[in-house]
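Listed below are the residues making up each chain.
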Amino acid sequence: MWRRSASFVLDKGLLPSPPREHPLRSADDAMEPNVLQDPNANPSHGISAYYQTRAEHHAVVTSDWLAQAQAAVALTGGKPFSVIDEFNYWRKKPDLAEAVAAIMALAAFIRSSEATTMMELEIELKKASDTLKSWDTTSISLSAGCDLFMRYVTRTSALEYEDFNAAKLRLIERGEKFGEISLKARRTIAMLGQDFIFDGCTVLVHGFSRVVLEVLKLAASNRKNFRVLCTEGRPDRTGLRFSNELAQLRVPVKLLIDSAVAYTMDEVDMVFVGADGVVESGGIINMMGTYQIALVAHSMNKPVYVAAESYKFARLYPLDQKDLAPALRPIDFGVPIPSGVEVERNARDYTPPQYLTLLFTDLGVLTPSVVSDELIQLYL
Amino acid sequence: MPDVQALVNDFVLKLKRRKIEGSQASARQTAELLRTVVSQQRMPYTNQAATLIDAVRTVGEHLIAANPVELAVGNIVRRVLHIIREEDLTSTATAMEGLSLIANSDDDDNFESHDHPALSAAALAAAARSTLRAPSLQTLLEGTPESALAPNPSSSGGDSEGKSKSADRSSRTKKLKHDVIEAINELIQDIDTCHEQISEQAVGLIHQNEVILTLGRSRTVKEFLFAANEKKRSFRVFVAEGAPRYQGHVLAKELVAKGLQTTVITDSAVFAMICRVNMVIVGAHAIMANGGVIAPVGINMVALAAQRHAVPFVVVAGSHKLCPLYPHNPEVLLNDLKSPSDLLDFGEFSDCMDFSTSGGSPLLHVVNPAFDYIPPKLVSLFITDTGGHSPSYMYRLIADYYSADDFVVKRRPTS
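Going down the list, the sequences are from chains A and B.
Residue numbers are given in my numbering: position 261 of the first sequence equals residue 261, and the series is strictly consecutive.
Residue numbers are given in my numbering: position 60 of the second sequence equals residue 440, and the series is strictly consecutive.
To be clear, the hints were calculated from the coordinates, so they are not data collected in a lab.
Predicted, not measured: the structure shown is a model, and the values here were computed from it.
A few of these clues could be false.
Straight-line alpha carbon distances no greater than 20 Å define the calculated DMTMM-like cross-link-like pairs of lysine to aspartate or glutamate that follow [claimed, not checked]:
#: 1; chain 1: A; residue 1: LYS126; chain 2: A; residue 2: GLU173
#: 2; chain 1: B; residue 1: LYS757; chain 2: A; residue 2: GLU173
#: 3; chain 1: B; residue 1: LYS554; chain 2: B; residue 2: ASP725
#: 4; chain 1: A; residue 1: LYS217; chain 2: A; residue 2: GLU173
#: 5; chain 1: A; residue 1: LYS302; chain 2: B; residue 2: ASP752
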C-alpha cells in the first residue's frame, strides 16, 4: 500500500498537514459538481494531474488539491512496487520537473525489478512506462520523459555488456544521472538566455516558468537593467506569483490583465515564455494564452523566446489546437455560472513554430526547426 | 618566440588601420598567422593540445580586439581552435588502440570502470568526437560528458587537458602539431577555393532568360554570375550601384567585359525594378548563428523589396563568413562607421561646419554606416561552399565547424 512506502513518510514532511487525516470521497465530491460528468476518466477526476503538481510546487496547495492528490494515489496502490507511487514521490519535490520525476521513477523500477534477462527487463519497463504515461495522459513532459528513457534503454551502448547485472547497474546509474541534468539544464539555459536580455529592455512573461525565472534571476544578478511585464495568468494567477518572485529580486515589475497584452505590446522588446512541451514541429504547448501573445508579438514584430529543457521535447505533431487531449482544470469565475453555459476548461494551447523566434534549451539556442531535427535524429 | 610576436603585432596593426579589406583576405591571413603561431609553439610532453589552444587563444584575442567588425577573423580563430581539439581527439584515439583502453580519455569514466574490450577504438573516437559537436538529445542520452552537457561560455577552454594521462605521449609529440598544421593548410585551401565551390552551384540556380538583381560588388557574386555565363546561360543582370562607394559600377564593367547583359540602376530604383527580377543574389559580410546576415549597407532594403514581391533572396558566402555568435551578443559590433568623405567632399560642406553655432558642434552631421543587418526571415537561401542551406539550418553548419567552448574567445581574461 502506498502508506507503507517510503514516499509517504517524505510526503508528510513536505506538505502541510491539516487535511491529511481522512481523504474522504466526499471531499472531492463536494469540490466541483461538474467534474464528475466529465467523460475523460483520469484518476484525478478530470483535472490534469500535471497542473495539480504545478500548483503544489508553487505553494498554493489548497485542501481540494490535496484531497484530490491523495484520492488519486489511493486509487492506484496495491502492487508491491508501484511505479506511480515512486513517481508521485519524486514529482512532489518542488525543484524537480515532471519528466525527471518519471525518469527517476523508472530508474527505481529497474532497481527493484526481478527480471533476469535484458528482454524481460525491457518488457517490464515498457509496461511500467505505459502505466506511467496512461496515469496522466495530459502531461506532455511525463510522456516525453518516459519516451526518452525508453529510447535510452533500447538504443544504447549500455546493452553491449554481456553481463546482465552490469548492464542493469549502468542503466540505473544513467537514469539517475539523467535526473541530475534537470537542475543543470536550467542553469545552462539561464546562461544562454540572459545574453539576450539587454540593458533597458522590457520583457513580457506569461505563466510561471521556473526556467524563465532562472533566466531573469541570472540577468538581474548580472546587474542588467530591465523591466518585466507579467500577465495575470488567470485562473491560477501565475503572474501574481511570478511578479512576487521578481519583486524580491528588485526587478521592476508591472502586472497586466491577460487581455492587456496587445495594448502594451508596443513597449515590449521581447516575449519570454516557458513551455509544457516542445513538439516536433518546433511549436510549443504552454499555458493558455501563449498562442495569442505570440500572435500579437508576431504581428508587431517582437521576438518570442521560449525557454525549455530538452527533456520536454515530445514526439507529438499537433496540427491544430484541438489535436491534443485537453488538460482540464477548475476555473473559478467568482460568480455562479448560469446553468446551461459551457466553460472552456483547457489549461494550455499550442503555439505554431512560425510565431516563435528562438528556443533556449540546454542543447543551445535553437531555431524551431532544429527541434524536429533533434527528435528525428534521436528516434529515427 | 620574438618573431611570432612581431608578426602578430604587425597583423594587429594592419587590422586596426583597416589595411586588410574584405573578409576573405582577413580570413586567409588570420589562418596563415595562426599556422605560424602553431608551428613556432614549443610543445611540452604533456597537455599539448591545451598549450596550443592557449597560444592560439591569446593571439586570437588580440586579433579580434584589433578589428571587432571583421567577424571573419574571429571565425578563423575559432575554426583553428576546433581543429586543434579535433586533431587531439583523433590522435588520442589512435594512441588508444595500442593501449587497450586502460588509461582512458576525459569523458567516460563509465567506460573506464567497466573496461569493456568490445568497445573498439573507433567507437571511442566517435564517442569522443561527439563531445566536440554541439550537444544534442542523443549525446545527452548516450555518453554524457560534462563539457557536452553544459556549453558553458565561461568554462575556460581546456577541456582536453584531461587526456594527458595517456602513457607514451612522446611518440606523438610531433604528430599533433603536424596534424594541426596540415588541417590549417586545408582550411586555407578551403578559403582560397570557396569561390569555385560556390560558383559550381550557379548553373542549378540561374535559369535561362532570368533577370538577376544584385547590389554593390561582391567577389563571390561576380564569380557566381561568371560561372553561370560560362555554362552558356543567357541572363540579364541588374546592378544597383551601391552608394556611397559605387562598387556596382565596377561590377557592371566587369560583367560587360565578360559579355553579360547588364543594367545599372540607382539604389533608390530597386523597388521600382524588383517586379521584373527573378532572383536577388547578394554577397555578405558575415552570417550570424540565427541565419541573419550582415551585409553592405542598402541590402536590407533590397531584401524587403524582394520579400514584398516574393522574389527569392539568395545570399552567397564562403563558410569563413559563418559566425557562431548571435547578433544580440554584446561583443558583436553590428556596424562600422566609415569616413564621410565617401558622401561629400570636404570642400562641399566646409561652409556648413560652423563651429561657432550651438556650442561648438556643427549643425551638419554626416553618417556613413558600412553594414545592414538582414533578419533571417528575409533570406530565402544561403549558398556556401558546402551547398544550399535555409537560414534555420545555419546552426548545423556552425555545429560542424566550431566547438561550443570556443564561442567566446574574448571573455576569459576578464572573468
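Checked hints:
In summary, the hint linking A/LYS126 to A/GLU173 is supported, as the alpha carbons are separated by about 18 Å, within the 20 Å threshold. Restraint check: the Cα-Cα separation between B/LYS757 and A/GLU173 comes to about 44 Å, which exceeds 20 Å; the hinted pair is violated. As the CA atoms of B/LYS554 and B/ASP725 are separated by approximately 57 Å, the hinted pair breaks the 20 Å bound. Pair hint A/LYS217 plus A/GLU173 does not hold up; C-alpha atoms about 32 Å apart against a cutoff of 20 Å.
Taking the CA atoms of A/LYS302 and B/ASP752, the gap is near 19 Å; set against the 20 Å cutoff, the hint holds.
Taken one by one, the earlier hints fail for this structure at numbers 2, 3 and 4, listed in ascending order.
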